[in-house]
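Residue numbers (the working numbering), protein chains in the order written: chain D, 102 to 359; chain B, 974 to 1601.
Just so you know, the hints here were simulated from the structure itself, not pulled from any lab data.
Incorrect hints may appear among the rest.
[Said to hold, decoys possible] Keeping only pairs whose Cα atoms sit at most 20 Å apart, straight-line, the calculated EDC-like set for lysine to aspartate or glutamate is: (1) B/1190 / D/163; (2) B/1552 / B/1593; (3) B/1546 / B/1528; (4) B/1548 / B/1429; (5) B/1548 / B/1593; (6) B/1190 / D/167; (7) B/1191 / D/215; (8) B/1548 / D/286; (9) B/1190 / D/286; (10) B/1190 / D/168; (11) D/224 / B/1262; (12) B/1191 / D/163; (13) B/1546 / B/1587; (14) B/1191 / D/281; (15) D/224 / B/1420; (16) B/1391 / B/1483; (17) B/1191 / D/168; (18) B/1190 / D/223; (19) B/1191 / D/167; (20) B/1191 / D/223.
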Amino acid sequence: MLTFMQSSCRHLLITALFIYPIVLSPPHLSAQEVASSPQSFISINIGSQLLANTFADNDSFELFVEEGRFSSNYQGQRDISFDVGVGIPVWSNLSLGSALTYINHNSLATISAELPHPFFFDKYRSIDGIAKDLERREIAVHIQALWTIPLSPTISLTVFGGPSFFNLRQELVNTVNFTEAYPFDTADFSGVSTVHPSDSTIGFHGGFDLAAYFTEHLGLGGMIRLSKGTADLARANESVISVPVGGMHASGGLRIRF
Amino acid sequence: MITELIALEVVMSSYDRPASVIISMLPVLIFCAVDIAHTQTHPGLITVSVNAESSPSEFENMETLLERKSTDGTLVLRSRHGDNQIPGRQHQGFTQRYNGIPVYGAGISKQIESGRTVSIFGGLYTDIAVDPNPQLSSSDVQTLLEDIKEQTFGPAQDELVILPTLMGSYRLSYKTTSTDAITYFVDANTGDLLFELDERHHQSAVGSGEGAQGNLKKLSVSQTSDEFEARDLLRPSEILTLTTAGGGSTLSRMIYGDLLPTDTARDTDNVWTDSAVVDAHVHMGWSYDYFSQQHAWNGLNGQGASLYGATAGQNVLPSNAFFIGPPFGPDGLGMVVFGTSFAGNPMSTLDIVAHELMHGVTEFGVRRRSPYGLSSFIELDGYGPTGMNINGEWTPCESVSINFGGGQIYPAYCVDGKFVLASNAGGATHEALSDIFGTAVEFAFHDRGHGLLKADYDLGEDIPEFGTAIQGTPGPLRTLRNPRDLFVDSTRTIRYPDHYDRRLRFMIVECGDGCLALTRTAYDGEQMVSLVSTDSAGVHWNASIFGHVFYLAVEGGTNVTSSLTVDGAGADKRKNVEKVFFRAVTEIMPGHVSMPLVAAVIRQAAIDLYPNSDTHLSIESALQAAGF
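Next up, chain B with everything else stripped away, as it sits in the complex (with noise of 0.2 Å):
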């Protein structure tokens, strides 16, 4: 039966990191048939997870398998650095490679203390069998990908990689990251575009109301001989805000490090009336003391880059706001970027600012064992249900099929009868992180409370129009106290997940000759329903997990799906458990990361800073809550 579904999102969705859809209309792809009928994630994927819960033998096995894999040049030694925590403890990165070329999102991160292994965390991709000489040029590439973009793009920036695919193939592929700050993976063979990645780091939202900020803030500003810029000195990385003046190509030139003098956010008298550069450029000012005094963490990248944020009108960036990163800013840096809610509040609130300079962290915490950062990427992840109601009818699974308009319809992919399932942990851990030190950042500067400029555990509580075009009143977009308490989306169909087993999978299309596609019907454990979009495989939806657990250890309470109650470490030992996720995340966590994955590096961290301490027991707990 054909049923008309919602069409495809195809990738570029505000407030996205779509690691996403695999496109259709391009020359035929041709794949590999790939039995992958009893496969959950990559057949080829190894996930490597040795901690202090491992036994002896298993560091043994894994040390024995490293050694291989050195010694034969798959796996090679990329960077190396102290702990910023704990003395003496040294971190390694090593890149998987295959015949000498990268292997995307493979990696391994391994620290060592006194000679002595003390954990081993990453993933590792088997049974490569892929010819490594290209048939197409790089030049040849950008050409094809000009033609099916229809547009004209900039000096390219390509390497060649092997990119494992949904499919449980390998390909080898161009990484390229052209002028729209896409990067793009196209077969080096073929010239099919396989894989697309926005690199830039979004927060969305929709909604509609009232927003309201007017306090009086503090601004570190320079003085020109005859104005005021918004440039902080005093701080020990420069901090910087520019201004689009309402222009897209700005925009655009400032992402791609060409600024101007006029870029950036002046004042004559140096009484600033522009609340959208007070707001951006004070909060970006707090959420660097915030990284710099409680986690000794200098800037974005830990060793005192310039900060730049600049701040979008509503026809520029409208209800959003995103970090890009290297290459891009004005540095190559990075920089983040503010828009402007569609009822004209600035996107710049505390929490919304330090989300963002998180997603900064987070990338240039993982560069350091793993070149491309944590890796966003949409996998296999499990089955669903054998069918779905639609319409109040219940329709098998080799019955539904998804309408894209223009023709376009194609069966969703199931194996034994069941929905074959995809998700974006890597992006949902990367959403997670900044949540949770969105909400950290804020309690480091508010007062504890409800309410405009109250600290709580609220995400974007301060432009409550976000909340009524989701839940139909004002408030937060999301929550980490009890995120079953909100929708996903304005459907108001599916609740935002409390526990790994309600994470948000996503139904997969057979859109023929072996290409696979995302569709926007999610299955949350307990239903299958269309939503508004895919958000990249749930990136943000996925991310009330990690963010709920982080409450419950700070907080305590009961998880409402698992039952489970957790002590809390309590609110005065809160910096406690930020410290843990800040070394889970900057000092351990490797590129490629599973959920589980990342639980097991977050209870590492713990074991590493507060063994057996009410810190460590609550974390524990919390995760144990939340199904991990």
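The shape of chain D in the complex, shown without the other chains (with noise of 0.2 Å):
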């Protein structure tokens, strides 16, 4: 799945692995210290959002010289999300680091339409459909200000907070197929065509993580990132859908401390 991240994803991936720690990374701290004070980190977590993105779109069309209208319903699905993190302290227990969050899944829209009938004015033909497999691809980038709470040497609470750079691709019903025959009084939903837009848009995010490190420098941890924004996507015929990203992630994965 890792395979359908951009090239300037990964990019910033590498980056926020490999550069901040070592142009940041702090100096080797004692035992005690490692106790008391925060200390740079990766971590890196496979989880799934806790509550999927729903929205709703409604668009009218022509059709017999009337105006036909549909309405979309996009039921987002819980899916895997890949999470990688890093972070470097900077004064206390404050840190700074960023995320980077990658999820891609499919959803399926329920339709409905109100289609104009050929010969009559305001003798509208409904059919309901869904359509699925739309594919959803989400990508942020957290910048972020982490606290860091030791709960014993080994056990830590951070709560981290701060801005967040979302780029979504959401596959959107552009028009709604239906067969339809003579004296064309019903339709019969056939299929959807879609489009694929895409937007970049800033938002917030907020959450904790406890880690619990078995060795010096290796753990494990559990994070719940409360993620926010809302991307406008053009349709084809060039008006604008707002749709919310982010949401609220849970997952868990690998901590490595140096």
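Make the complex out of the two chains shown on their own, each in a separate frame, by following the hints.
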């Protein structure tokens, strides 16, 4: 799934993974200081979105010299997310860091449409259907300030927050396809055509991370991140739909401190 | 006493289907003298009506007669088709022949199921004694016609037929339809012009007033490279709307099937501004939808043939609309033409369009059993009073004469001192069915109510100037609800009939040398009055009788003449009643009818589809209330 990542994101990840620690790596600390002061870290997580993003889209179109309407209710699916983060201490328990979250999953949309009749005004045909496997790819870079609270020499709780930069690529229903035949009083849903607009936006995030270290450098941790933003996606007809990005993610994985 | 009365109106009247007038300004007609003193119809005519109410012996006797006539070649099986509504039922159409020559208007329609005869309807002529060998050729006849009519005809389509005449005799005749869309019956031995039949089914109206539509409608059209044309390709039958663009010669060319690409109505941006084209094209589509979805009848011929309609301005077709059947029209399958009222309103309101298209359905429906369709025939129809009031003075029949102008004054035809009368049951039935289904289509697409674009039982109400011209106030041409509310013409002397006994029958005069002619003097059961026209022996006027039957069967009410009250089937069963009437014309009705025969056919159709139901009982009650 990582193969879907754009090259720019890959570059960003490399930077996050390697540059920050190299450039900003603090001096080696003693064991007593490890317990009381944050250290540079790398976290690698796999998680899931706790609450899927849902949104609705309403659009109109012209058919048979009359305006028709359709609505699409998109339901995100709770799929696997990948998260990589780094951080460096800057002062006391305060660290600065960044994280990159990648989610790529398919969603579905329930469609309902009101189709104008070819022979009569104000005599609509209703159709319903489901559009499956609508691609949604969301990449977020979170710039964060972190405050680490050592709970024990080996367990620490970190709270964090800051701005987030989202890039969303969402497959949207563009037109509703249907079949019909004389006398045209009914029609049948037969599918959709889609577009793949994308948008970048700025939001924010916050959360906490609980890490337990088994060795001086390695540990496991779990994280809850709540992020929020709104992307504006342009439809084929150049109208714009606002789509939520982010959400509540829960993940866990490897912690590396040094 | 010679009395100045209204001159005879000869054929070609607008809004008519004149199966009319015997021409008198011709070479002398030599008729055999026939005693018809006690005859109400042609003396040789046997009306056949064997149906669900007949006894087994009646069935047996008729079957025996038909079998004998089939064996001796008098009756020839011409068509056979399945029933669109009752699986397993078959219909057979027989034509009567004399020495191999068809007898015009005669024939039998027989219904069979599982080898058992269900019903038989029709008319047969007896005692035919005619030399089957014509002395004139068809080209001789065409030359004669051109001399008589003082015009040149194009290629004619003619056949030899045996024509039953008003006098009660039979004549070997050429039946020829020429370029003026008139069918002529010419004696094949003497060249006498016996009968004329206008093949155009018209809707007649004269009036004044205001009319307006103005509602936005959708047109199903097709797009060419740079414009749009009124060609409906979405419906199973192609519907094409033509425009004559103000040219009478253009209309004639269209009638003869010679279409040019420029004849099709067009628009550059698909926002149509010609309201006549909009109404005609849309209403033909809706009418098609009604016949297709309600009755499984696809197009005019039931088999998907294209529909052709044309709009025409006042200078081409003033205050008129008509259907013309095969062999005319772009595909030889007929077409409808919508004119413009004297107030400038297109004659293409929904009920008028459906009315005209129903003429096509009737034509093709009956042609499944009879080669001539539902024959429009002026026939003897009983006797009237022994005299009439003329200028306030009682005048006995023998003293009544009609002045046709030019020195032609002819005496009324009297038998036993009574006026001999004539009517046109076939033509009236044709018009009644069109009125009924013009109404039915209106109910299918408009909300019920009164006023413009509402569904009601009035005809032509959306062009109220016609009502003004006839009734003196804006309103409809006719009404199925209570025909007695309206006068038949601007003389305002006779009202539309609602009962068989009040049907309009017309005085006949003896025009010399065995000739009989129709006059405009009508008898409605109470009075004899001179009207503005003959209406081809009252085809539109007598149509209101069966139209009223339809209304009573659906809505219920009291027939004014009989005072009998009918419990209607109800608006929720209107479609059932429509199916009965539709079945009557497309599955059962023979080519030659009388009004009682039509009533019997309707009864049979009701029994076939809804035996002993509310629909059946309402129809039966309505027929009885109307005198059948």
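Note to self: Does residue 1420 of chain B sit within 20 Å of residue 224 of chain D, going by the straight-line distance between their CA atoms?
What the structure shows: holds (14 Å)
Checklist entry - Is residue 1190 of chain B within 20 Å of residue 223 of chain D, Cα to Cα? => result At roughly 11 Å apart (the allowed maximum being 20 Å), residue 223 of chain D and residue 1190 of chain B satisfy the hint.
| said: With the threshold set at 20 Å, check whether the alpha-carbon distance from residue 224 of chain D to residue 1262 of chain B stays at or below it. | reply: holds (15 Å)
- prompt: Given the hint that residue 1191 of chain B pairs with residue 168 of chain D, does the C-alpha gap stay at or below 20 Å?
  reply: holds (13 Å)
Hey, residue 1191 of chain B versus residue 215 of chain D, does the alpha-carbon distance stay inside 20 Å? holds (17 Å)
>> Next pair to validate is residue 1546 of chain B with residue 1528 of chain B; report whether the Cα-Cα distance is within 20 Å.
In response: Holds - the C-alpha atoms of residue 1528 of chain B and residue 1546 of chain B are around 10 Å apart, at most 20 Å.
Requested in this report: Take the C-alpha atoms of residue 1391 of chain B and residue 1483 of chain B, compute the straight-line distance between them, and say whether it is at most 20 Å.
Outcome: holds (14 Å)
TODO: For the pair we were handed, residue 1190 of chain B and residue 168 of chain D, check the Cα-Cα distance against 20 Å.
DONE: holds (15 Å)
- Is the hinted pair residue 1548 of chain B and residue 1429 of chain B satisfied, with a Cα-Cα distance of at most 20 Å? holds (15 Å)
* To do: Assess, step by step, whether the Cα of residue 1190 of chain B is no farther than 20 Å from the Cα of residue 167 of chain D, and give holds or violated.
  => Between residue 1190 of chain B and residue 167 of chain D the Cα gap is close to 11 Å, so the pair holds against 20 Å.
Regarding the pair residue 1191 of chain B and residue 281 of chain D, is the alpha-carbon distance no greater than 20 Å?
-> holds (18 Å)
Between the alpha carbons of residue 1190 of chain B and residue 286 of chain D, is the straight-line distance 20 Å or under? holds (17 Å)
In this structure, none of the earlier numbered hints is contradicted; all agree with it.
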